[in-house]
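**Student:** Below, each chain spelled out in residue letters.
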Amino acid sequence: EDQVTQSPEALRLQEGESSSLNCSYTVSGLRGLFWYRQDPGKGPEFLFTLYSAGEEKEKERLKATLTKKESFLHITAPKPEDSATYLCAVQLRNQGGKLIFGQGTELSVKP
Amino acid sequence: GAVVSQHPSWVICKSGTSVKIECRSLDFQATTMFWYRQFPKQSLMLMATSNEGSKATYEQGVEKDKFLINHASLTLSTLTVTSAHPEDSSFYICSARGASGRNEQFFGPGTRLTVL
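Protein chains in written order, with my numbering: chain V, 1 to 111; chain E, 1 to 116.
None of these hints come from the bench; they were simulated from the model.
Note that CB positions come from ideal geometry on N, CA and C, so glycine has one too.
A portion of the hints provided could be inaccurate.
Derived coverage of chain V by chain E (criterion: at least 3 residues anywhere in the stretch with Cβ under 8 Å from a Cβ of chain E; other residues may be distant) [to be verified]: (1) 19-27; (2) 93-104.
Stretches of chain E that chain V covers, calculated by requiring three or more beta carbons in the stretch to come under 8 Å of a beta carbon on chain V [stated by the list, open to error]: (3) 36-45; (4) 105-114.
Bound-form chain E, shown alone:
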């Protein structure tokens, strides 16, 4: 149980285009999902927290108009990187936390974004 998937696993795009990354909880309902980014040899940095049906809460320094987050259902959250630039190239990872008092966060396999 507690499986989280991400799609795509990797994507290469041209500068200026937008990229959408999906995060799904496969066997539980995720009331809260989190989006992180990770640069090589560095740890995970939280970008935003999204709760189903409400607006995402962004961490300081993260541009909400650039990183659009939608948490439309209890099993799906999406991150859209708009007008991507090479500096947005990174490893994007989502995590999901279920309801009913379970506090553990389970992570997806990550999405490698490369912007040319």
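In isolation and in its complexed conformation, chain V is listed as follows:
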């Protein structure tokens, strides 16, 4: 069965305290792995797509990496405005583009 597991469920950081969020997956055939940010009461905001092991992408304080079993979202020197739920999703081959989401990591950054 295709599964996506994110850890930790919740993460509290002080402003400037760097950390990483994990997304582990077990799927039959990975086409791509997506990271989204979701603020309360809003739709997910696209961050990154990764397609192959070893690939890395960066955007401001965020960097996403991918291996054959997991992905990490590294947050460098976070600010309070980075507080949100971060969602990881996998897209399978030959499945019409649908995404399977993990449960998310709720990040809180205190000033």
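With chain V's structure known, arrange chain E on it following the hints.
**Tutor:** Leaving out everything else, chain E in the frame of chain V:
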């Protein structure tokens, strides 16, 4: 670019009534749109996939006669919750994927449905 809108942003209805939610891609043509629902403190669960001009494909356990999906054009998909009941209260979110090889899915802002 890649903006997806939903209307309404929230709706309250009585049990037994039907509610229609619209999802529009504003600056690109969406060959495929997806409908998700999200319960509080939970992740997104895919309900169905709709391709322009064809019938939607529903996920296991989703009643197609209750959640009617129409994808009549490359910029509009609608989800109609028929005979809504309190257990249908949820956050409904659509996403859209463009053509020409772009694989990213862009999400709408969501619609909060409350059934009394």
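**Student:** Each hint should be assessed against the structure and marked as holding or not.
**Tutor:** Hints versus structure:
With 0 residues having a beta carbon nearer than 8 Å to a beta carbon of chain E, the segment 19-27 of chain V misses the requirement of three or more and the stated coverage is violated. Under the rule that three or more residues need a Cβ within less than 8 Å of chain E, the assignment of the segment 93-104 of chain V holds, with 9 such residues. Residues of the segment 36-45 of chain E lying with their CB closer than 8 Å to a CB of chain V number 4, which satisfies the three-residue condition for coverage. Check result for the segment 105-114 of chain E against chain V: holds, 7 residues qualifying (beta carbon to beta carbon below 8 Å, three or more required).
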